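The sequence shown begins at 1 in full-length UniProt numbering and counts up one residue at a time.
Just so you know, these hints were derived from the structure itself, not from any lab. Given the structure is predicted, the values throughout are model-derived calculations rather than measurements. For every residue, glycine included, the Cβ atom is placed at its ideal position computed from N, Cα and C. Mixed in with the good hints, there may be bad ones.
Stated by the list, open to error - Pairs of lysine to aspartate or glutamate, EDC-like flavour, derived with a Cα cap of 20 angstroms:
| # | residue 1 | residue 2 |
| --- | --- | --- |
| 1 | K209 | D225 |
| 2 | K191 | E336 |
| 3 | K214 | E282 |
| 4 | K196 | D163 |
| 5 | K244 | E345 |
| 6 | K251 | E281 |
| 7 | K250 | E336 |
| 8 | K191 | D206 |
| 9 | K53 | E70 |
| 10 | K173 | D206 |
| 11 | K237 | D163 |
| 12 | K214 | D331 |
| 13 | K196 | D331 |
| 14 | K49 | E70 |
| 15 | K71 | D27 |
| 16 | K49 | D33 |
Claimed, not checked - Ranges between beta-carbon positions, derived for each pair:
| # | residue 1 | residue 2 | range |
| --- | --- | --- | --- |
| 17 | T200 | K179 | 21 to 29 angstroms |
| 18 | G169 | V368 | 44 to 52 angstroms |
| 19 | S255 | T200 | 15 to 23 angstroms |
| 20 | Y38 | F98 | 49 to 57 angstroms |
| 21 | Y210 | G263 | 23 to 31 angstroms |
| 22 | D303 | S252 | 37 to 45 angstroms |
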Amino acid sequence: MCPDFDNDFTVTSYMCFLDLLIDEGEDVKDLRDSGILYNGLGSDEEMAKLFNKMNTDLVPSPTIYSGVKEKIHNHCKTMWINHAAQGYHTYFRSPWTFLAFLGAIAALTLSALQTYYTIHQPNLKMSSTEEGGGAAGAVSTDQTIIDNNTNNDYVGIDMRFTDVPLSDGEVAKLQSLDKAFGGGQPTLRYKPLIRKVPSTLLRNEDFKKYFKPKMISIGPLHHNDLTLRESKGLKLKLAAHFVKKIGVDKKSLYSKIKKEMDGLKECYDPQELEKYRDDNEELAWMFIVDGCAILQAVYMRYDNDDDDDDDDDDDGNLLTNNDLLTFLYSDLLLLENQLPFRVLELLTSLGDGKMFMNAIRRFIDDTVINPAENRLLVL
């Protein structure tokens, strides 16, 4: 039709208006359900195609249905309503599609919250500690925290709190961390020859027989063991018999040990001798008593029949045969129950020390070089 044709355009305008409302068969169905349109031509899809095809040659009147169009325009002039209507019409006509969309939105929201909490959790915890006035951390005021979690995001947090006053003891403990970091491992001039067994072995009761003496303690590692306190008197008696038998003044023996204390101490781990760091007198006395006791006990075991000494009969009253064997072949061979061999050399370097050193060599032959022949004596 031509716009110049003289008519009221009522039917034409109606047809064009319906074409604005109808795009597909679902629109025809909605109009039928609302009582606006009656379809007597066939299917809803065919009716939609008919209106869409007729509209290509029709020209409506601009005034007819203008009121209705204005109401529709006012309703849809808000952009989000228009998009929502289009989206609903396109994607959410099925209720299952709408429920799936809600589920996807919920999953994305939870994932975003989890990611945010993972990134900012350390900073949030620190911030909450400051606000609550809790523990004072070792982080200075106005410090910036960098979280290199996944994408090297830079997160800055202004941390403002008042430093907690520290005592001198606390400051010293904190400074010990710097000393420990920069100090490295202690350098020893000599590798310690006598040391304690590893701490892991101490937990096993079956291993104690290899490092804990049963009767007599030798050296500083088990010197203060309360279970061996009775052995101190026995060692003193053995040492007294040695001094009498060797024929050397006891002051001379003590002086020889005292002069070489620095070298003797290097045979031990410095940590084990910490209590004797400023007390060479106590350690020197321990060396001379324990060293003399060892020499006397070994001499009693390996005394030559050719040696005629009036004091030999007195030696038999010091230890029973079983106690002597226990001391020599058990306690004296333990890892932690040792003296530097230099102590024995110094004590036998004067007087009649040669016979005691000969007994020591026989003891070493029986226990180290040819131990099989002597094992029957131990048991």
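Outcome of the hint check:
no., hint, in the structure
1, K209 to D225, "15 angstroms, holds"
2, K191 to E336, "16 angstroms, holds"
3, K214 to E282, "23 angstroms, violated"
4, K196 to D163, "44 angstroms, violated"
5, K244 to E345, "18 angstroms, holds"
6, K251 to E281, "13 angstroms, holds"
7, K250 to E336, "27 angstroms, violated"
8, K191 to D206, "28 angstroms, violated"
9, K53 to E70, "25 angstroms, violated"
10, K173 to D206, "38 angstroms, violated"
11, K237 to D163, "63 angstroms, violated"
12, K214 to D331, "6 angstroms, holds"
13, K196 to D331, "15 angstroms, holds"
14, K49 to E70, "26 angstroms, violated"
15, K71 to D27, "19 angstroms, holds"
16, K49 to D33, "19 angstroms, holds"
17, T200 to K179: 21 to 29 angstroms, "27 angstroms, holds"
18, G169 to V368: 44 to 52 angstroms, "50 angstroms, holds"
19, S255 to T200: 15 to 23 angstroms, "42 angstroms, violated"
20, Y38 to F98: 49 to 57 angstroms, "31 angstroms, violated"
21, Y210 to G263: 23 to 31 angstroms, "28 angstroms, holds"
22, D303 to S252: 37 to 45 angstroms, "24 angstroms, violated"
Checked against the numbered hints listed earlier, the structure breaks hints 3, 4, 7, 8, 9, 10, 11, 14, 19, 20, 22; every other hint is satisfied.
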